[in-house]
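Enquirer: Sequence order for the protein chains is A and B.
Sequence positions in the first sequence follow the working numbering and run 1 to 112.
Sequence positions in the second sequence follow the working numbering and run 1 to 100.
Warning: the hint list may mix true and false statements.
[Said to hold, decoys possible] Once the Cα atoms are required to be at most 16 Å apart in a straight line, the calculated EDC-like pairs of lysine to aspartate or glutamate come out as:
id, chain 1, residue 1, chain 2, residue 2
1, B, 3, A, 70
2, A, 5, B, 45
3, B, 85, A, 53
4, B, 79, B, 43
5, B, 31, B, 5
6, B, 85, B, 35
Note that these hints are calculated values from the structure, not bench results.
If you want the building blocks of each chain, they are given just below.
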Amino acid sequence: MALTKAEIAEQLTDDVGLPKREAKEVVELFFDVIRDALVENEQVKLSGFGNFDLRDKRRRPGRNPKTGEEIPIAARRVVTFRPGQKLKVQVEAYSDDHHKKLDAGSPDPSKH
Amino acid sequence: MTKSELIERVTALALERDVSLTSREVELAVKSIIEQMSDVLSEGDRIEIRGFGSFSLHYRAPRVGRNPKTGEAVELEGKFVPHFKPGKDLREQVNAAKKR
Chain A
1 MALTKAEIAE
11 QLTDDVGLPK
21 REAKEVVELF
31 FDVIRDALVE
41 NEQVKLSGFG
51 NFDLRDKRRR
61 PGRNPKTGEE
71 IPIAARRVVT
81 FRPGQKLKVQ
91 VEAYSDDHHK
101 KLDAGSPDPS
111 KH
Chain B
1 MTKSELIERV
11 TALALERDVS
21 LTSREVELAV
31 KSIIEQMSDV
41 LSEGDRIEIR
51 GFGSFSLHYR
61 APRVGRNPKT
71 GEAVELEGKF
81 VPHFKPGKDL
91 REQVNAAKKR
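Excised from the complex, chain A in its bound form (with noise of 0.2 Å):
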C-alpha cells in the first residue's frame, strides 16, 4: 500500500513523539513549503533523498491522439525530480532482491 500524509504523521508520532495535532500539521507543513519554494522558481535539494528541479519548457507542436488534429503546446514550467545518490543505491538494492526472487522462480511480487 502507498504511503500517504496520514500514514507519515502517525509514523511521526512514534517516531518523534509529536502529539496527533503537531504531527499532521508539520507533514502539511513539510510539503507546503516545498511547493512554495517551487512556485517562486526555486530549487529544492534534500540532501540523500533528491533535488526536485524546474524545467522551463518552448512551445512546441502536438497532436490530438485520437483526431491525429495538431495542437500546439503551450510554452510551460514542470517540475522534474532528480533522486540523490543514497536514495538510488537503496532502491538498487531493491533491483537486486527483486532479480534475486525473479531468479529463485517465485512469483513476480511487484507490478511495475
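With the hints as your guide, set chain B onto chain A.
Expert: This is chain B only, laid out in the frame that chain A set:
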C-alpha cells in the same frame, strides 16, 4: 532551498499558523519524513501525496553498456529507479507562476 533552509521555513510557518513546534522537533520530523519516503521506495512501494504528487519506481530494462574508459561492453542488469510525478495542483501552480 536546502534541507536546513526547509527546516527554518517550516519552523517559521508553524509559528505563523499557531502550530506549537520547536525547531528541534521540526528538524527531527523533516529527517523522519525523508527517511520514511526513502524506505518506502526502497521496499518497492509508492508514495502518494495529494496535491503534491506521487513517487514510484520505474523499471529500466537490461542493456549492454560500455565502460567509458576502456570502451569495453558490459552487460547491465535491469534495475528500478525512483520517479516523481507532480500532482495536478503542483503542476498548475508552478506553471501559473511562470506566467506572472
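Enquirer: Give a verdict on every hint.
Expert: Here is how each hint holds up against the structure:
Restraint check: the Cα-Cα separation between residue 3 of chain B and residue 70 of chain A comes to about 43 Å, which exceeds 16 Å; the hinted pair is violated. As the CA atoms of residue 5 of chain A and residue 45 of chain B are separated by approximately 14 Å, the hinted pair is consistent with the 16 Å bound. With a CA separation close to 13 Å, the supplied pair residue 85 of chain B and residue 53 of chain A stays within the 16 Å bound. Our distance criterion of 16 Å between C-alpha atoms is met by residue 79 of chain B and residue 43 of chain B, whose separation comes to about 13 Å.
Proposed proximity of residue 31 of chain B and residue 5 of chain B is supported: the alpha carbons are some 13 Å apart, at most 16 Å. Annotation: proposed proximity of residue 85 of chain B to residue 35 of chain B is violated, straight-line Cα distance about 19 Å (limit 16 Å).
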